[in-house]
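Residue-level listing of the chains:
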Amino acid sequence: MQRIGVFVCWCGSNIAGTVDVQAVSDALAHEPGVVFSTNYQYMCSQAGQNMIKDAVAEHKLTGIVVCSCSPRMHEATFRKTAAAAGINPYMVEIANIREQCSWVHKDMQTGTEKAIILGKAAVAKVNLNTPLTPGESPVTKRALVIGGGIAGIQTALDIADAGFPVDIVEKKPTIGGKMAQLDKTFPTLDCAACILTPKMVDVAQNDKIRIFSYSEVTDVKGFVGNFDVTIKKHARYVKEDICTGCGACTEKCPMKKVPNEFNLGMDNRSAIYIPFAQAVPKVATIDPNYCNMLKNGKCGVCSKVCAAGAIDYTQKDEFIEEKYGAIVVATGFNPISMDKFDEFAYNQSKDVITSLEFERLTNAAGPTAGKLLRPSDLKHPHTIVFVQCVGSRCDACAEKGKEYCSKICCMYTAKHAMLTRDKYPDTEVYVFYIDVRTPGKNFDEFYRRAVEEYGVHYIKGMVGKVTPEGDKLKVQASDLLANKQLHIDADLVVLAAAIEPDKSARPLATMLTASMDTNDFFTEAHPKLRPVESPTAGVFLSGACQGPKDIPETVSQAGAAASKVIGLLAKDKLTGNPCVASSNELMCNGCSTCERVCPYGAITYENKEFRMPDRTTAIRRIAVVNPAVCQGCGCCTVACPSGAMDLRGFANSQIIAEVDAICK
Amino acid sequence: MQKITRDQLIEKAASLLANGTVSCVLGWQKGEFDYDITPAVFETEDELKANFVWNDFCGANFSKYLVSKTKKCEGKILVFLKPCDTYSFNQLLTEHRFDREKVYAVGIPCEGMADIAKVKAIAGDGISAIDCSGEKLAVTTIYEDAPVMIDAKDVLAERCVNCKSKKHVAYDELIGEDGDVIDSARFDEVAKIEAMTPDERFAFWQNELSRCIRCNACRDICPACTCEKCVFGNPNSSLENKSPANSFEEKMFHIIRAFHVAGRCTDCGECSRVCPQHIPLHLLNRKFIKDIDSFYGEYQAGAEVGSRAPLVNYTTDDLEPGEVFERGDN
Numbered sequence: 001m002q003r004i005g006v007f008v009c010w011c012g013s014n015i016a017g018t019v020d021v022q023a024v025s026d027a028l029a030h031e032p033g034v035v036f037s038t039n040y041q042y043m044c045s046q047a048g049q050n051m052i053k054d055a056v057a058e059h060k061l062t063g064i065v066v067c068s069c070s071p072r073m074h075e076a077t078f079r080k081t082a083a084a085a086g087i088n089p090y091m092v093e094i095a096n097i098r099e100q101c102s103w104v105h106k107d108m109q110t111g112t113e114k115a116i117i118l119g120k121a122a123v124a125k126v127n128l129n130t131p132l133t134p135g136e137s138p139v140t141k142r143a144l145v146i147g148g149g150i151a152g153i154q155t156a157l158d159i160a161d162a163g164f165p166v167d168i169v170e171k172k173p174t175i176g177g178k179m180a181q182l183d184k185t186f187p188t189l190d191c192a193a194c195i196l197t198p199k200m201v202d203v204a205q206n207d208k209i210r211i212f213s214y215s216e217v218t219d220v221k222g223f224v225g226n227f228d229v230t231i232k233k234h235a236r237y238v239k240e241d242i243c244t245g246c247g248a249c250t251e252k253c254p255m256k257k258v259p260n261e262f263n264l265g266m267d268n269r270s271a272i273y274i275p276f277a278q279a280v281p282k283v284a285t286i287d288p289n290y291c292n293m294l295k296n297g298k299c300g301v302c303s304k305v306c307a308a309g310a311i312d313y314t315q316k317d318e319f320i321e322e323k324y325g326a327i328v329v330a331t332g333f334n335p336i337s338m339d340k341f342d343e344f345a346y347n348q349s350k351d352v353i354t355s356l357e358f359e360r361l362t363n364a365a366g367p368t369a370g371k372l373l374r375p376s377d378l379k380h381p382h383t384i385v386f387v388q389c390v391g392s393r394c395d396a397c398a399e400k401g402k403e404y405c406s407k408i409c410c411m412y413t414a415k416h417a418m419l420t421r422d423k424y425p426d427t428e429v430y431v432f433y434i435d436v437r438t439p440g441k442n443f444d445e446f447y448r449r450a451v452e453e454y455g456v457h458y459i460k461g462m463v464g465k466v467t468p469e470g471d472k473l474k475v476q477a478s479d480l481l482a483n484k485q486l487h488i489d490a491d492l493v494v495l496a497a498a499i500e501p502d503k504s505a506r507p508l509a510t511m512l513t514a515s516m517d518t519n520d521f522f523t524e525a526h527p528k529l530r531p532v533e534s535p536t537a538g539v540f541l542s543g544a545c546q547g548p549k550d551i552p553e554t555v556s557q558a559g560a561a562a563s564k565v566i567g568l569l570a571k572d573k574l575t576g577n578p579c580v581a582s583s584n585e586l587m588c589n590g591c592s593t594c595e596r597v598c599p600y601g602a603i604t605y606e607n608k609e610f611r612m613p614d615r616t617t618a619i620r621r622i623a624v625v626n627p628a629v630c631q632g633c634g635c636c637t638v639a640c641p642s643g644a645m646d647l648r649g650f651a652n653s654q655i656i657a658e659v660d661a662i663c664k
Numbered sequence: 001m002q003k004i005t006r007d008q009l010i011e012k013a014a015s016l017l018a019n020g021t022v023s024c025v026l027g028w029q030k031g032e033f034d035y036d037i038t039p040a041v042f043e044t045e046d047e048l049k050a051n052f053v054w055n056d057f058c059g060a061n062f063s064k065y066l067v068s069k070t071k072k073c074e075g076k077i078l079v080f081l082k083p084c085d086t087y088s089f090n091q092l093l094t095e096h097r098f099d100r101e102k103v104y105a106v107g108i109p110c111e112g113m114a115d116i117a118k119v120k121a122i123a124g125d126g127i128s129a130i131d132c133s134g135e136k137l138a139v140t141t142i143y144e145d146a147p148v149m150i151d152a153k154d155v156l157a158e159r160c161v162n163c164k165s166k167k168h169v170a171y172d173e174l175i176g177e178d179g180d181v182i183d184s185a186r187f188d189e190v191a192k193i194e195a196m197t198p199d200e201r202f203a204f205w206q207n208e209l210s211r212c213i214r215c216n217a218c219r220d221i222c223p224a225c226t227c228e229k230c231v232f233g234n235p236n237s238s239l240e241n242k243s244p245a246n247s248f249e250e251k252m253f254h255i256i257r258a259f260h261v262a263g264r265c266t267d268c269g270e271c272s273r274v275c276p277q278h279i280p281l282h283l284l285n286r287k288f289i290k291d292i293d294s295f296y297g298e299y300q301a302g303a304e305v306g307s308r309a310p311l312v313n314y315t316t317d318d319l320e321p322g323e324v325f326e327r328g329d330n
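Listed in order, the protein sequences are those of chains Y and L.
Going by this note's numbering, the first residue of the first sequence is number 1, and it counts up by one from there.
Going by this note's numbering, the first residue of the second sequence is number 1, and it counts up by one from there.
Treat the hints as calculated values from the structure; they're not laboratory data.
Accuracy of the hints is not assured; some may be wrong.
[Said to hold, decoys possible] Away from chain L, derived, C-beta distances all over 10 Å, residues of chain Y:
{"id": "1", "residue": "Val224"}
{"id": "2", "residue": "Thr518"}
{"id": "3", "residue": "Gly590"}
{"id": "4", "residue": "Tyr605"}
{"id": "5", "residue": "Gly643"}
{"id": "6", "residue": "Ile656"}
[As the list claims (entries may be wrong)] List time: in silico DSSO-like cross-link candidates among lysine-lysine, alpha-carbon distance up to 27 Å:
{"id": "7", "chain 1": "Y", "residue 1": "Lys608", "chain 2": "L", "residue 2": "Lys287"}
{"id": "8", "chain 1": "Y", "residue 1": "Lys379", "chain 2": "Y", "residue 2": "Lys239"}
{"id": "9", "chain 1": "L", "residue 1": "Lys251", "chain 2": "Y", "residue 2": "Lys664"}
{"id": "10", "chain 1": "Y", "residue 1": "Lys664", "chain 2": "L", "residue 2": "Lys287"}
{"id": "11", "chain 1": "Y", "residue 1": "Lys350", "chain 2": "Y", "residue 2": "Lys323"}
{"id": "12", "chain 1": "Y", "residue 1": "Lys256", "chain 2": "Y", "residue 2": "Lys340"}
{"id": "13", "chain 1": "Y", "residue 1": "Lys252", "chain 2": "Y", "residue 2": "Lys239"}
{"id": "14", "chain 1": "L", "residue 1": "Lys192", "chain 2": "L", "residue 2": "Lys287"}
{"id": "15", "chain 1": "Y", "residue 1": "Lys472", "chain 2": "Y", "residue 2": "Lys199"}
{"id": "16", "chain 1": "Y", "residue 1": "Lys460", "chain 2": "Y", "residue 2": "Lys172"}
{"id": "17", "chain 1": "L", "residue 1": "Lys118", "chain 2": "Y", "residue 2": "Lys608"}
{"id": "18", "chain 1": "Y", "residue 1": "Lys608", "chain 2": "L", "residue 2": "Lys72"}
{"id": "19", "chain 1": "L", "residue 1": "Lys251", "chain 2": "Y", "residue 2": "Lys608"}
{"id": "20", "chain 1": "Y", "residue 1": "Lys460", "chain 2": "Y", "residue 2": "Lys340"}
{"id": "21", "chain 1": "L", "residue 1": "Lys118", "chain 2": "L", "residue 2": "Lys69"}
{"id": "22", "chain 1": "Y", "residue 1": "Lys503", "chain 2": "Y", "residue 2": "Lys282"}
{"id": "23", "chain 1": "L", "residue 1": "Lys102", "chain 2": "Y", "residue 2": "Lys608"}
{"id": "24", "chain 1": "Y", "residue 1": "Lys664", "chain 2": "Y", "residue 2": "Lys80"}
{"id": "25", "chain 1": "L", "residue 1": "Lys229", "chain 2": "Y", "residue 2": "Lys608"}
{"id": "26", "chain 1": "Y", "residue 1": "Lys252", "chain 2": "Y", "residue 2": "Lys304"}
{"id": "27", "chain 1": "Y", "residue 1": "Lys257", "chain 2": "Y", "residue 2": "Lys171"}
Please read these numbers as outputs of a predicted model, since none were measured by experiment.
Glycine included, each C-beta is placed from N, C-alpha and C at the ideal position.
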C-alpha cells in the first residue's frame, strides 16, 4: 500500500479564486492510501517544495499528488522535489486543477467538486504507480547533414567547430545548393558567391568534415544517438582523389550539347563537367546519359587528355555504411514547375523566365556573362514585367500552386527590379503584386528604395495573361488600386515562382520516420519552442526543408540546429524517457499489429524460447520495444489485440483506475 | 452432397504421407453421431481409411488448429481447406501465428455444409444415422424404419446460404476446380437489425445474449482468438471471473470479443456454428465488417497475407469520428 501525500496549490488566486482548496485537501485526505493532505499558496515556490520534502520525511510518503497547474508547467519541478526528498520521481502525479478546472469554471461549488474528482483520479493512479528508471544509451559522436546548400554548409561548419566530425551528403556533384546560383543577395546586395564560396572552401578544408557529393542516403536504421545510415555514392566515373579539377577534359569532350542544369538549361555544358568554377569538390563528373564512351564505348577522349589519369569508365555505385549520433535534414527547396501556368506563356516563349533564371541571366558567371539579354534574341530588354506570387498563396481548391506564401519572392523581386534600374536606367520595370511583404531587418527600407529612388512601377494586381506576339510579350493585367485594365508590351516577363520542398524530402522523411506537413515541409517538434527539432528524436531541421526562408533565416536556423546537435553529441550517454511501451512476452502473440502502428519504428520481433507449462520448450515470436526509440505515444497499447503491450507510467490498469475514480 | 469424395481426399493424403511431403494430416473424423464430426490428426494410411470422414457436416475450420499443431507435428502437416477456411489461414499468417513452411495446404471445393438444427427441424429428434453420399441426405431416426430424405439445399447452414466465396485464397495444391468470390447477401441480416429502433435492438440482443452460458466455445473455436493468454483467463486483466454488476455487463464478454476480432474476423461463422445456445454471434462481427466496409472501403480480412486492416492503418482520407457520429444509429 502506498503512503500518499496530497498537496493542493492555490496558485495565488488562480486556483483558490474558483476552487475551495481547503475543501479539496480535506476531501482527498480520506482517499485510499492518502496519509497526509494539505494546501499552500504557491506549491512550486521554495517554501512549497520544502513543505513537500518535510512531509515525505515526516510521514514516510511513497507517493505524491500535487493538485496544481498543468503537468507541462511544473511536473518536472515536482519530480525533482521528489527525487531530492528520496522518492522515485515517477511516483509523482499532477492533478491539473488550474487549466482544466479553475480557469474554465466560474462557480466555486462546481469548480471545487471537479477539483476533488481530478484529485481522486490522481490518487487512484499513484496507488498503482511503480518506480521507473530511465534507460541509457550511448551516443555516436558523429553527425550527418543531408544536403549541402547554405543550410547544410553552415550546420556542418558549426558542428565541426565544436570538435565533432560531420559528414555532408549532397546529391549534386558539388555543394553550394541554390545560393551558388544566385547573383546578389538582399537587402545588402553583396554577391552570393563572394560570401558563399569561402564557406564552401572552409568545408573542404575542415578536417572534421567529409563531403559525400553526388551521393544520397538510401537507408536509415536505429535511433537517436545510434543511427545506422547507408549512403549511395553514385559513380562519377572520375577518381575523386586523383582529379585535380584542371578542366582539360571538359574542354576536349566532343559532346557539348548537354543542357547545363547549373544555368537552368539556358546554355550547354559537356558530358564530362564541373558544375561551376568554384565547385567543391572541384572534380569532374561524367554524365552517363550523354557520354558516348559510357553509352556505346566509342570516344574515350577525356581519358586520353587527363594528365592525372583520373578517368575510370568502370566505376560502380558505391554503398557506404556509417554510424551517426544525430541527423540534420537540409534538403532545401526548388521553384515549382511552371507547366500548369499556361496563362503566363512560360512554355511558349523563351522570354518568359522564372526569377531563378533571371538570377543566372544577371550573374557574371551565367550564360550571358552577366549582361541582361533576352534569351530568345539576346537583345537588351527595355520593358520588364515581374509577376509575383506565381503559384504562391493560391486558392486551396486550385489544382495548381501552393496555399502558402513563399516568403522570399517580394524581396528578391525588389532586388531584381532595383538592380535592373540601377544598371539599365533606360529599362521600364513593372512589378505586379498581391501584397508586398517585407518583415525583416532593413527589408522595408530596401523595397521603398526600389520604388522611391529607382522608380520601379509597383502595381497592385495580378497579371491575367501573357501572349507572345512578334518579338513582344503582350501582358494583360489589372491595376486594383486604379481599378483599370492594363496592357503592357513587355520584352521580358519574370515569374516569381513559388518554392516547394525538394522532391527527395518525402522518401527521406519516410526513412527517418520524421513527420511532414501536407506541403511536404518537415514538421518541427514545436512551432515556437522547438523550431529546429523534428518530432523524431535525433533528427534536426535546417533551412528551407522546414518552410520557405531567406538566407539570413536559413543561416540562423542552421546554427540553431547545429547547437542542438552539439548539445546531443556532447553527451556520453542519453537518458531516455522511462514512460515507454513494453511488451509482456508471456502474453504477446507476435502478431505484428503493434509494429505496423508504431510511428517511430521502435518495435522489432525476436524468436524466443519459452518453457511451457507442460515442460516442453516452444519458440515463440514476441515483440520487443527499443526504449531508446519509443516515444511513449501509446498507439501500440491500444492496437495490441492480446493486451500484451502496456505503457510504463500509463498502464491500462492505471488509466482504468483513474476512470473508475472519476465515474464513481 | 459434396462434389469431391472421401476416397479422393484419402488418396491424396495417403500419397503425401507416403512420399514424405507431410508427416501428419489434419482431417475430420466421426464423433459420437454422424453429424458431430470432430477434427483429428492422422499419421498413417490405415488410420485415414478407418476414421477419416468427409461429408456435409465437415464444417470445422482447421486454420486455427495449425497454431498449436504446427508446433507439435514433426515435419509438415497436411491441412484440407475449404474456400472460407483459406481466409482464416491467411489472416493467421498475417499475424504470424504459425509457420507457413510447416504446412501443406490442399484446397478442396465445398458445396456448403449442413446445419444439424435445420435437419432436426425436418427429421425430428433421435437421429441414428445420416448418409450424405446420395443426391439427398438420408436421415435415419430411431423412430422410423425408412430414412427421411432431405434436400441438402434446405438444410444449408446460414453461413453457407450466404457464402461469401468459393475461391481459395491460399493453397499449395487444389483438388477440383476453384470458384469465385460471391457477391452474397450476407449483410442483409445486419441491415435488418440496423433498421430496428435502439430499444428494439437492445431487446433483440438482450434476448439472444441472455441465453449465453459462458462455455467459451465461440472463443475457443474462433480463428481470430488465438491469444497466448486470453484476457478472460488472465488474473491480471481485472476481467477474469468478473461477475456482472448488471444485466448489461453480462453482455460485455461478447461485446469485448467482437471488438477484439474487429478488422481481423474473416466472417467464417464458426462462432455461431459451435454455440450450443444458437446465439447468432456472427452478426456482431458482421456488423463490424459492414461498418469497416462503409467507413474505409471494402476490406476482406484474410483475402491476402500481410494486408493492413483499416483499423490499424492511418490515411489522411480516414473518416473523422464526427462523420461516424453524424451517420448515427437512427
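Hint check against the structure, violated hint numbers in rising order: 2, 3, 4, 5, 6, 7, 8, 10, 11, 12, 15, 16, 17, 19, 21 and 24
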